[in-house]
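Could you build the full structure based on these sequences and the hints that come with them?
Chains as they are written, first to last, in the working numbering: chain A, 1 to 336; chain B, 337 to 672; chain C, 673 to 1017; chain D, 1018 to 1362.
Calculated from the structure, these hints are not laboratory results.
Remember, it's a predicted structure, so these values are computed and weren't measured experimentally.
There could be a bad hint or two in this list.
[What the hints assert, rightly or not] What follows is a list of derived Cβ distance ranges for each label pair:
hint, chain 1, residue 1, chain 2, residue 2, range
1, D, Tyr1318, C, Asp1003, 28 to 38 Å
2, C, Gly763, B, Ala575, 19 to 29 Å
3, D, Tyr1318, C, Asp710, 49 to 59 Å
4, D, His1080, A, Glu333, 37 to 47 Å
[Claimed, not checked] Derived pair list, reagent style DSS-like, types lysine-lysine, alpha-carbon separation capped at 25 Å:
hint, chain 1, residue 1, chain 2, residue 2
5, A, Lys313, A, Lys258
6, A, Lys144, D, Lys1081
7, C, Lys867, C, Lys910
8, B, Lys480, C, Lys736
[As the list claims (entries may be wrong)] Some chain C residues near chain A, calculated using beta-carbon distances under 8 Å:
hint, residue
9, Asp719
10, Leu750
11, Val798
12, Gly813
13, Ala814
14, Ala815
15, His818
16, Ala984
17, Thr986
18, Asn991
Quick reminder that beta carbons are idealized off the backbone N, C-alpha and C, glycines included.
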Amino acid sequence: MTKEKKANVPFAISNYSPEQLREALRKMILIRRFEEGAEDCYTRGLIHGTMHLSIGQEASAVGSCMALKPDDQITSTHRGHGHCVAKGAEASRMFAEFFGKETGYCKGRGGSMHIADVEMGNLGANGIVAGGIPIAVGAALTSKRLKLGKVVLCFFGDGANNEGAFHESLNMASIWNLPVVFICENNKYGMSTSIERSTAVKNISDRASAYSMPGVTVDGNDLSAISEAVTIAVERARAGDGPSLVESLTYRWRGHSKSDRNKYRTKEEISDWMDKDPILRLSAVLQEHSIITAKEIEAIETSVDKEIADAIKFAQESPSPSMNDVTRDVYTELTS
Amino acid sequence: MTKEKKANVPFAISNYSPEQLREALRKMILIRRFEEGAEDCYTRGLIHGTMHLSIGQEASAVGSCMALKPDDQITSTHRGHGHCVAKGAEASRMFAEFFGKETGYCKGRGGSMHIADVEMGNLGANGIVAGGIPIAVGAALTSKRLKLGKVVLCFFGDGANNEGAFHESLNMASIWNLPVVFICENNKYGMSTSIERSTAVKNISDRASAYSMPGVTVDGNDLSAISEAVTIAVERARAGDGPSLVESLTYRWRGHSKSDRNKYRTKEEISDWMDKDPILRLSAVLQEHSIITAKEIEAIETSVDKEIADAIKFAQESPSPSMNDVTRDVYTELTS
Amino acid sequence: MNEMTKTNTAEIFKDGDMVEMSYAEAIRDALDIALTNDERVILMGEDIGVYGGAFQVTGDLVHKHGEDRVIDTPISELGGAGVAVGAAATGLRPIFEFQFSDFAMLAMEQICNQAAKMRYMLGGNVSVPVVMRFPAGSGTGAAAQHSQSLEAWLAHVPGLKVIQPATPYDAKGMLLAALEDPDPVMIFEHKILYKSKGMVPKGHYTVPIGKAEIRREGTDVTIVATSIMVHKSLDAAKQLEEVGISAEVIDLKTIRPIDRETVLASVRKTSRLVCVYEAVKTLGIGAEISAMVAESDAFDYLDAPILRLGGADTPIPYNPDLEKAAVPQIDDIVVGVTQLVKGER
Amino acid sequence: MNEMTKTNTAEIFKDGDMVEMSYAEAIRDALDIALTNDERVILMGEDIGVYGGAFQVTGDLVHKHGEDRVIDTPISELGGAGVAVGAAATGLRPIFEFQFSDFAMLAMEQICNQAAKMRYMLGGNVSVPVVMRFPAGSGTGAAAQHSQSLEAWLAHVPGLKVIQPATPYDAKGMLLAALEDPDPVMIFEHKILYKSKGMVPKGHYTVPIGKAEIRREGTDVTIVATSIMVHKSLDAAKQLEEVGISAEVIDLKTIRPIDRETVLASVRKTSRLVCVYEAVKTLGIGAEISAMVAESDAFDYLDAPILRLGGADTPIPYNPDLEKAAVPQIDDIVVGVTQLVKGER
Ligand SMILES: Cc1ncc(C[n+]2csc(CCOP(=O)(O)OP(=O)(O)O)c2C)c(N)n1
Ligand SMILES: Cc1ncc(C[n+]2csc(CCOP(=O)(O)OP(=O)(O)O)c2C)c(N)n1
Ligand SMILES: [Mg+2]
Ligand SMILES: [Mg+2]
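Structure, rendered in structure tokens:
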């Protein structure tokens, strides 16, 4: 991929084909509707447990994953539905997972917090904040050692950047020059705790210098900006020049999880950020550049709605696990 | 303490009284002889276990602790004999500890790696690399909460700066603005691993910016330089302006522990650093400024030799613990 | 939830001194009393301030006592716990909340290498009166990394005390006892219990650490249970009564140090022992209870093997039915005890 | 050190195929074979390269296989172990050395929340064939934070396999078996054993994980021991023989999953059980062995209480005599077994 940039033409427009851009928008809409569908199922008591919705953060997930080849890998977080969709997972098997069914990506054993699609290169969401960071570095080590040419994208939140695992992992990735890109999705809060109250630097990307790697902060609600930053980082990684840290500024519209009462932020702040809706922004840009029409967007929405409805139906109708299988897959069954 | 600095007059000379400076030199010589005595006892099989000697690092320990008031506290490391002496411990009770005696600072339960002198404000060496860092921050929190006015000096090595505990602790100390000074004694190696191979920044003090605190690198073999840097940091902490990171460049003459075969560094490197002997350097400076004479230094050496010999004798003649007391002090005995 | 606390506490407190509250409220009440009475007490944890805690245990305490006393930590379990340990060793009385006990895995070093050993390693020259709280257990659909019961790990470590209060009454009284204890006390709270209700005395009182309690007397079999399994065992005991089996139910309450005498005396009386706990069966607390009895003089009184009902050998699954299948349920207790008493096991 | 390995292995290998080596050398030999045979194998750990490892286990392997395969990590146990887990999940076969098992406390999260559970949580779609090595135990005078035996923690965690080889023969053969295992295998190596010698086959062979071995046959009492306690128990058994007590000594080898049948069969035969292990007695592996037997049909064969000899309830003290007093010694085994057999316990 070339990094041409015509004056006033956003990176994404000049570097991706119209099909790719329309597909990006479709994925962002799919994530939004997916999350709304999940929320609805949860509210109606069809899904149990907890979930962390990424509504508002769609550009960050899709823009980052756009920079990848299919073989590349990602590690994700508790707020991982968007990453999973962006990396190519099917809504039906994701819903089946939330419904605890055998057809789910994790056969109903993992649920929302462990959603994964290993075949498509998503090594999994993680219930442990920063838990996926060393794992991403390990995957990058594999790629380098076995000369697989893969780059690993490691998603984590602003809250995760205060975990020791963040520090240890970035340090190792740097000294070993590994093909990994760290993407900190800074949505201003780790649960209820703002970065101002939890984090001793202004920009999380400022911490990159402590690991002698490039660090950049971008508007994570602008698909083009995030895809540009991640593309540069991915190319650097693929060229053997080591890791980077990309800070993607974004915002979650919903509460942290389903039990959040939003006492730590104002309605105004939320609505200000809703005005920066990444989907509307991308829609506008694509229309401006005549890549898509309003009607075509409507068509996408309709088809996405059907995809979600079908996915939920598939999930509901799928078989549940057998209770005899409670300890299946704890260990690998040895067929000898 | 004022931070006056006359042209060409080192900080220590202009800021400490001749008595204080002579006492600093005496402490450095005491540490040197203490370590040599310990090494000798170990080699002769009188002391068991392992030990980590700080020969070559005397200025770092003494210069740092000079900046403290008696009530201030320190946390130390596995290479902690020098810190312990510098903070005012008695050689006799330290040796008694190494000999596993009831008169030892830890009643023979801790040994070299857990040497402590809580009364003098040394909260203890630590067998866990970076294990003392959060503890120091906790002590600083106590000081701030209970308005004790104490500053906490937290010693750790270059190797420790890659532990997650380092990252988490410096971040918290910064956001809570705590009276703690982090002193990284960078002796170039964590056991056999050089900072170049383990650490993704050139100067460890460069990491201070990731926590928005001042960071400075000083010649840790120059008593004046280290005491100046730590004094500034301690005053800052005491004034309520928060933590600092001081990197003290120094070198250990001996192997990492008694089992080290020095395969990771050259003889030349070792002898180059032995030429920078902090004791000879301070001796020269003090003589230059007519604060001490060669004869007085000899007298100190003679008295220190006697102190060490007496200490070892005290240790040897002290009573051993009773085998019935193996579980004493696991829990606090409640006298009700 | 059964009503055992009423009977239990009625002996000590007059009804007027008691008030009904949930387990979470009882803890909050204890925290409030501690913060009010002792300026050295501070609370630390993730989102315990304005959020009120992931399980709303701290609730609005930050508004009453301020951000300097109810401290939101960054997401830094190792460092945060270590700060609490250092603060405890130097004069504060920190109460540290892990948001889920599973995350305490990140802090094992500070808990087990530092807090547990500091007093011993330093020859008794320091005390570490830190209290840590661990919301534990399954049943919330939060899957394998948010549902564990790891109390046996900590009970394996000399220097720690480990408690598992099963009722609001004990949750408050044992927390206040923990605060008076000079040594580190680890409190495992089952998340599903937070909303359970019971009568709790107003004001300050303590329930001793290290004492078990017979929640129900019986003659045919002794059930030693912990935490939520106390309630399941009591419910099972009721069903067993209907088929003529008289079960004695012991609430162990403290798993380090174990109240040996209460357990042994009961086994000598009933001649049969069943241990019920939610943690993974292998090396869970039931292993220790069983082994403790099997090596004691009570062994000679045993008329049957010692049965353990613990969690299955699996991470906790997400699917709700699998999740239930992974830990002992009332039916399992009824069936297990019945078989044991009938000599079928 | 007794000579059991010779007799043990003579049955399988001809003398010419065997060579005497230390426990540490046997591990190094296995690592060398693995590095040579499989390009996916890498070693990771602190100071395992030019230093050769804190206990000289990796020795000069870095010179033969290069720094890319024998990787010195920074002092970052959590991250380092996590990198190994991630690498294992994606195609490498990392063998991670903790410098002392005590430091693994920093990495419990990656070991127990990630490696142990990844396969299950992901519905069987991934394997995590990571091998981790934990130098453990007391006897070196390194005090409380460098002398622990924490294997029971890991044996409590479904998804892990946990082994404790007691001889050079098993150290090599079980490590090679661990490398062929698709799941995470945790190897606890007692530091004092590193210098012990034994006959070891040349080249590649495996010793199965999950199988215990009767090291000495006997009729009066079964001693189930782990790691260094196997040797102490064999020495005790010799002394016991002189006073007419015939002890059967089982080397458990694997503590998760436990070889139930070998233990139960022996107890059915001898009617008495003693568990000997160095870890803290409370909730150490002996608790599980005892409870496993007490809930089995072998219970009915028991003629005496089940005795556990484990570590005292204390952090390991520095003073060398106290250090010995804190863990079972040969004399303790002799006395304990004698009392048990004579009905004095
Ligand atoms: C180790 C660990 N600590 C705490 C939690 C509880 N927790 C889950 S998500 C979360 C906030 C994470 O914040 P951030 O990393 O910014 O991600 P976001 O939720 O904002 O996407 C917390 C505290 C956890 N899951 N793991
Ligand atoms: C958590 C932990 N990891 C590893 C070790 C083993 N170890 C002891 S000291 C040491 C090197 C420490 O290096 P540094 O911090 O630079 O201190 P120095 O020895 O150079 O004074 C290592 C690896 C340990 N004690 N604790
Ligand atoms: Mg966030
Ligand atoms: Mg160093």
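Subject >> Numbered hints the structure breaks, given as an ascending list >> reply: 11
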